[in-house]
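Participant: If you're matching them up, the sequences are chains R and P in order.
In terms of my numbering, the first sequence is residues 10 to 288.
In terms of my numbering, the second sequence is residues 157 to 460.
Do not rely on the hints blindly, as some may be mistaken.
As the list claims (entries may be wrong) - Calculated cross-link-like contacts (lysine to aspartate or glutamate; reagent style EDC-like; alpha-carbon spacing at most 20 Å):
#1 363/P x 344/P
#2 363/P x 351/P
#3 302/P x 55/R
#4 311/P x 402/P
#5 282/P x 55/R
#6 282/P x 313/P
#7 282/P x 252/R
What the hints assert, rightly or not - Residues of chain P placed beyond 12 Å of chain R at every Cβ, according to the derived structure:
#8 203
#9 206
#10 207
#11 211
#12 214
#13 215
#14 227
#15 231
#16 237
#17 313
#18 343
#19 366
#20 422
#21 454
Rather than coming from a laboratory, the hints here were simulated on the basis of the structure.
Treat the numbers as computed from the prediction; the structure is a model and nothing was measured.
Backbone N, C-alpha and C define an ideal beta-carbon position, used for all residues, glycine too.
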Amino acid sequence: MNKARHNPFNTALMHGALILYTLIALFPVFIILINSFKERRAIFREPMALPNAESFSTIGYETVMRQGDFFLYVQNSLIVTVASLFFILLFGAMAAYALSEYRFRGNMLMGLYLALGIMIPIRIGTVAILEMMVATGLVNTLWALILVYTAQGLPLAVFILSEFMRQVSDDLKNAGRIDGLSEYTIFFRLVLPLVRPAMATVAVFNMIPIWNDLWFPLILAPAEETKTLTLGSQVFIGQFVTDWNAVLSALSMAILPVLILYMIFSRQLIRGLTSGAVK
Amino acid sequence: MNKPRFRWHILVFLAPAVIVYTAVMIFPLFNTLRLALYSRIDQERVFVGLENFRTLFFDPIWAEQFWNALGNNFWFFVIHMLVQNPIGIALAALLSHPRLRFAALYRSAIFIPTILSFVIVGFAWKLILSPIWGIAPTMLDWVGLKSLFAPWLGKEEYALTTLALVSVWQFVGIPMMLIYAALLTIPEEILEAGEVDGITGMSAFWKIKLPLILPSIGIISILTFVGNFNAFDLIYAAQGALAGPDFSTDILGTFMYRTFFGFQLQLGDPHMGSAIAGAMFAIILIGVCIYLFGIQTRMRRYQL
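So here's chain R without its partners, still in its complex pose:
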């Protein structure tokens, strides 16, 4: 062991710096959450204090429940996110398999074509996307969002998944072929289960941006019955700016689902980010 690298003073300094930054990162979330459970006067008089028996109140949540259709928004967000992830993974894995498994003319070119979208944001095409959705009558449906997010997620999905599919052993696939399995069966039965970790990484990468997107819900599906949670809370908070209880409660209710998702998937996400999948 080397002394220079294990100096207790340095260790304390490092923990100090990390704790300081952790506080900076968590403090705003914490302040919003605790104040959402306080009555109006306590919010202003003692913003830093935890709610106690005297100041505890759920009036903000009651307003939110009465005025906004939060469960519908959450449901819309869930449908859009889950459906988009399903299509990204299914179509992405199929295309990645075709590119990594078979040699055919134009293979390289097709790979490059699909990779273009990694760097070019889909938002640039919004004007024409809106026009197309209006023409096909998909405006104000969840399908408009699902299609856009699927297209947005595919390039990176194909890129990451084909890297992983190249590592699946050829012997396994050839054994399947000798046993008379069709190419489809080999893909769904043999290859897909083996790249499940990579699929999880892709899913987690796409989940958060889709759930949090404001741009496309605002433009493609602003109707009351198709609002996602992000757009719904934006509109709700905009209307209730002066009702601090309601605003804080709405913010907390928007934070909670993401926090829960994060707690479930954080290991997967961090493993994905640090496994070098995006290099």
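Model the placement of chain P on the given structure of chain R, informed by the hints.
Facilitator: Only chain P this time, still in chain R's reference frame:
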């Protein structure tokens, strides 16, 4: 030998992804660029060539807004490069220290802002910085700096920088994670060899680790660039589509939204909106090309 049969399964595997991607992403992208060459005159779509771009760059009313948004966008990007990425690298360097306890806990906690939506982040900071609520002045008071407080989001000269810093606060987790991953791939032997030569601590970071993670820093820079030049949500959530006060926080994303969708008294104009999208596309393309051909190919990569 027979000519090999056409392998239908390749087509079946590729078709869904290629169709969705082409129809919803590539085609609209080019269609938007095409729409930028048209204009609506008397309810009819007329081809006007580069007229819209001339208006955007040189017409006094449009040009002022455009250059303002572009300048603001550059400042937004500069703040990210100067604040977000160094903090991210520093945090990653601390976290990657061997045998640091609770590293996973710090990592997960610091990443939390990144998973929140812009709407939450925008409003949360708006409340915290609000002079009515008084959280920010109270906290400044604790460290004796209360006199520094100003309603930052309401002042023209501070609002953009404040929002950029809020965005930095939100996204610092991404450079942190990517650099952390890069630092973990550095083999222990190299660091030990450095120690034998007396290079430890800070100088090990500057002389050994930093050169090895330069490619990752390059990737983060281009990701930041692309992300910043199509940013919209945070500004919209915090300041609305008018990007107040007096357009001081207007960036290309909000400018495009206002132009093509219309806002309050302004009527939406999809063709001018497309022209702005075209300009954004060009800027992003130039940035990506500079990175791919100017930086990435010249960067020295070390075989580890």
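Participant: List in ascending order the numbers of the hints, as given earlier, that are violated by the structure.
Facilitator: Structure breaks no hint.
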